[in-house]
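Protein sequences, first through last, are from chains A and B.
Its first residue numbered 1, the first sequence is counted upward by one per residue in the numbering used here.
Its first residue numbered 1, the second sequence is counted upward by one per residue in the numbering used here.
Keep in mind the hints are simulated off the structure, nothing from the lab.
Keep in mind that the hints are not guaranteed to be accurate.
If you want a taste of the chain B side facing chain A, the calculated C-beta under 7 Å gives, among others [claimed, not checked]:
no.	residue
1	L15
2	T23
3	I27
4	I168
5	T170
6	E253
7	I286
8	L291
9	S295
10	T299
11	E307
12	A309
13	G341
14	E346
15	R361
So the derived label-pair ranges between C-beta atoms look like this [claimed, not checked]:
no.	chain 1	residue 1	chain 2	residue 2	range
16	B	N132	A	Q13	34 to 42 Å
17	A	T150	B	A152	16 to 24 Å
18	B	M386	A	E280	47 to 55 Å
19	A	G453	B	L380	26 to 34 Å
20	B	L379	A	Q13	51 to 59 Å
21	B	H212	A	N132	36 to 44 Å
22	B	K312	A	A390	15 to 23 Å
23	B	E44	A	P130	42 to 50 Å
24	B	S275	A	F429	22 to 30 Å
25	A	K20	B	N345	24 to 32 Å
Don't be surprised by glycine CBs; every beta carbon is placed ideally from N, CA and C.
Residues per chain, in single letters:
There are 2 protein chains.
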Amino acid sequence: MAEHTIIMQTTLQKLLEEKKYSTLRDILVTMKPADIAAIFDEMEAARLPLLYRLLPKELAADTFVEMEPEAQELLIRGFSDAELKDVLDELFVDDAVDIIEEMPATVVRRILAQAAPEMRTSINEILRYPENSAGSIMTTEYVSLSPTLTVAEAITRIRRTGIDKETIYTCYVIRNRVLVGVVTVKDLLLAPDDDAMIESMMSANVIAVNTHDDQEEVAQMFSKYDFMALPVVDAENRLVGIITFDDAMDVMEEEATEDIEKMAAIIPSEKPYMSMTPFEIWKNRIPWLMLLMVSATFTGLIISRFESALEKLVILTAFIPMLMDTAGNSGSQASVTIIRGLSLNEIEFSDILLIIWKEVRVAVLCGLSLGIACFGKILLVDFLIMDSFAGVSSPFLIIGVICITLSITVLFAKIVGCTLPLFAKKLGFDPAVMASPFITTIVDALSLLVYFGVASAFLPI
Amino acid sequence: MAEHTIIMQTTLQKLLEEKKYSTLRDILVTMKPADIAAIFDEMEAARLPLLYRLLPKELAADTFVEMEPEAQELLIRGFSDAELKDVLDELFVDDAVDIIEEMPATVVRRILAQAAPEMRTSINEILRYPENSAGSIMTTEYVSLSPTLTVAEAITRIRRTGIDKETIYTCYVIRNRVLVGVVTVKDLLLAPDDDAMIESMMSANVIAVNTHDDQEEVAQMFSKYDFMALPVVDAENRLVGIITFDDAMDVMEEEATEDIEKMAAIIPSEKPYMSMTPFEIWKNRIPWLMLLMVSATFTGLIISRFESALEKLVILTAFIPMLMDTAGNSGSQASVTIIRGLSLNEIEFSDILLIIWKEVRVAVLCGLSLGIACFGKILLVDFLIMDSFAGVSSPFLIIGVICITLSITVLFAKIVGCTLPLFAKKLGFDPAVMASPFITTIVDALSLLVYFGVASAFLPI
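Could you build the full structure based on these sequences and the hints that come with them?
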């Protein structure tokens, strides 16, 4: 919670205690719904209904939409049927759906009972679409125009029907419910001829999404084409709703968070961190931790196999963490770059050869520079300053083995790191799980194998 | 590059070879600028100018904006002065600035020479603002209204001046250049009274950003308030430009990519991966690899100090990678969660005690479940199946030491993981660098210390 929110909350609380309701109201009406909601979310439950009722109707509904589900539920439970109806009448359909999705069944039944029949139908329609589909995030409140209207008639229609539409700026031209074109309010206002037919000036080359398209693809289309709204059509190209840019922004943010969580071996959750219980957080974190712990068995087995070698030259053990970490970091750099490129549609599976060739060259550069730097560092720090090689015969050969291993594992790590996400994508898995933790586990085993292989070849073990 | 882009490119190439220019043009005009640009970017350099000249003027400019800098430069070098002027006249100022920022000085001089005087002034003004500031991403083309206009007069003004504004839908009300309110075209169109004064219906409670505000904060405001455009003011509250939602979306995407890259120990770059040379990629990846490699010296030193202990019980070595990786993964889960929360303004430094208390409880749950699972796994796999403990006295004590170490390091890792990003933020550093690789390095050392500490306490070493 931002600091100014805390200050504001203290002021409001004091005014509330002193029952200065009109001052309170004067302050609240100058604020934006999102800011009021942030303060309300932190208020004591008992004070919330009183404070909420100070807001004028429209501001109240806009604030309601921005609040956390817990506070929304609390308010709904306190509303009379008439109050609930008032709020619902002010809501856009997609916002109502968002709220319903978070409420328990009893509250949902009350909401549906109080919603206007038309809204109830729309809500039920949107709720039918699978989660994360275009249909589930669309709204059914848009401006539709007939192709045979004139510009002047279209403007009149917008002025008459626009009041409860989520956006009036992009208007959809439909013939028998089929989407045939779009025209913007800018086009209409700037049209030189008020009597021109919509048909003659609309853009017939419409980009639309299907109700079942994935919301991530939809968000990508917004960022690619800079649309303000995108029409959603069914299999017969009939217009069923629109998605507005603000919902696309939410999806973009949500999907980026999901990717980041998956890359850190967390099962994504839509709930914000601060409102999750430790048990919920544990449930999202433990599966990957378990899996990765068990798969570390391989590294253990590799070390066990070379136990006798290590007994002869314990100094080799000291460099295992450095070799594994550097390889792991090199691998995750490559994998994370590719995962992000895939998410943003900048990279396709067909680029795989180009990518491998590029990563090989990067790996050679990284491997050589790391190998040389590592040689210098071990010579200076471990050999000269710390004297870690005391009593070891042929120390330079050992240092050489370590640095050669480092260069080779960096090469392997980069190749594994860049190819795994691509194959995951190709096979229909989420590439984001092929990030650091997963790559690290594979690369750990690889680097140990290389280490003991190189050591066996050059050292008397 | 998407598959359909490749197909389309082949078709266009064939038509170009056969000199079927009118067919080519017919195809291109049905396409969206972003899609045409994607194809053009992949075209042979020699064919590009010819293909580009087939586009109608407005579509040509819109496509130009969407192309990669390399292709843009190539085209500009081939343009006559008149052609360059035509393109510039169609561009929005902010897009022109984006292009200029990528061009070499000679090309920039030509662009500025051909730009209309008014545009040149605006470009120079925007170029003055620091990179990543609100001023640097704004456009100076907006609709401004005087507070004393009537609704009808305002609509007339918009119809007359709106043609080359980036958005007409949010209009800014200014008095002596100072921003005093906003009014939307929706408000104007739906106003019941055409003679009402703008002053009486505008929203005087305007949220604006300062020219020097960070672009990341600006993008966060868009996602919080669902704005279509946000005004940019100077220190005296004079309106100097606006930022539109599509630019905010680009910033959101860019900032998420930057955070992801930093979390993977990569120095962020604005250039897409596929157009970077291996040397450029190397330059962005090697600094962190070097730093992390050198800091792994600590883990090496810790192991060296316990060399004699390891010589006596080499079996302990086999579990070092598993302990380090599990601790590293636990730590990055916490750090990445906090870093993302900070980016989205869901978490503040003042929440630190709440967060630590939450992470401690999560860590106890994770530590216990991992410890128990690890005991079972070692017993089954390493002890019974692989017989790795052959010849070792008191194997159960050793297994116990490993599992207790695991539980303790998970606790440490979660605490380090959640606090470091918060302190980084507090001290004005970027929290994103406190992600996996950095945490891993610290947690590696910690887990070795705990391991050898617990082992020394319970085992005869």
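Tested hints:
1. L15: violated (19 Å)
2. T23: violated (17 Å)
3. I27: Nearest chain A Cβ about 12 Å off; hint violated.
4. I168: holds (5 Å)
5. T170: violated (10 Å)
6. E253: Where the cut-off is 7 Å and the nearest Cβ of chain A is about 6 Å from E253 (chain B), the hint holds.
7. I286: holds (6 Å)
8. L291: violated (10 Å)
9. S295: violated (9 Å)
10. T299: holds (4 Å)
11. E307: holds (5 Å)
12. A309: violated (10 Å)
13. G341: Given a least distance of 5 Å, the restraint on G341 (chain B) holds.
14. E346: holds (5 Å)
15. R361: Status holds, d = 4 Å.
16. B:N132 with A:Q13: 34 to 42 Å: With a Cβ separation near 38 Å, N132 (chain B) and Q13 (chain A) satisfy 34 to 42 Å, so the hint holds.
17. A:T150 with B:A152: 16 to 24 Å: Between T150 (chain A) and A152 (chain B), where Cβ atoms are some 20 Å apart, the hint holds.
18. B:M386 with A:E280: 47 to 55 Å: violated (36 Å)
19. A:G453 with B:L380: 26 to 34 Å: holds (29 Å)
20. B:L379 with A:Q13: 51 to 59 Å: Given range 51 to 59 Å: holds, Cβ gap about 57 Å.
21. B:H212 with A:N132: 36 to 44 Å: holds (38 Å)
22. B:K312 with A:A390: 15 to 23 Å: With a Cβ separation near 19 Å, K312 (chain B) and A390 (chain A) satisfy 15 to 23 Å, so the hint holds.
23. B:E44 with A:P130: 42 to 50 Å: At roughly 43 Å between Cβ atoms, P130 (chain A) and E44 (chain B) fall inside 42 to 50 Å, so the hint holds.
24. B:S275 with A:F429: 22 to 30 Å: holds (27 Å)
25. A:K20 with B:N345: 24 to 32 Å: With a Cβ separation near 30 Å, K20 (chain A) and N345 (chain B) satisfy 24 to 32 Å, so the hint holds.
Comparing the model with each numbered hint stated earlier shows that hints 1, 2, 3, 5, 8, 9, 12, 18 do not hold.
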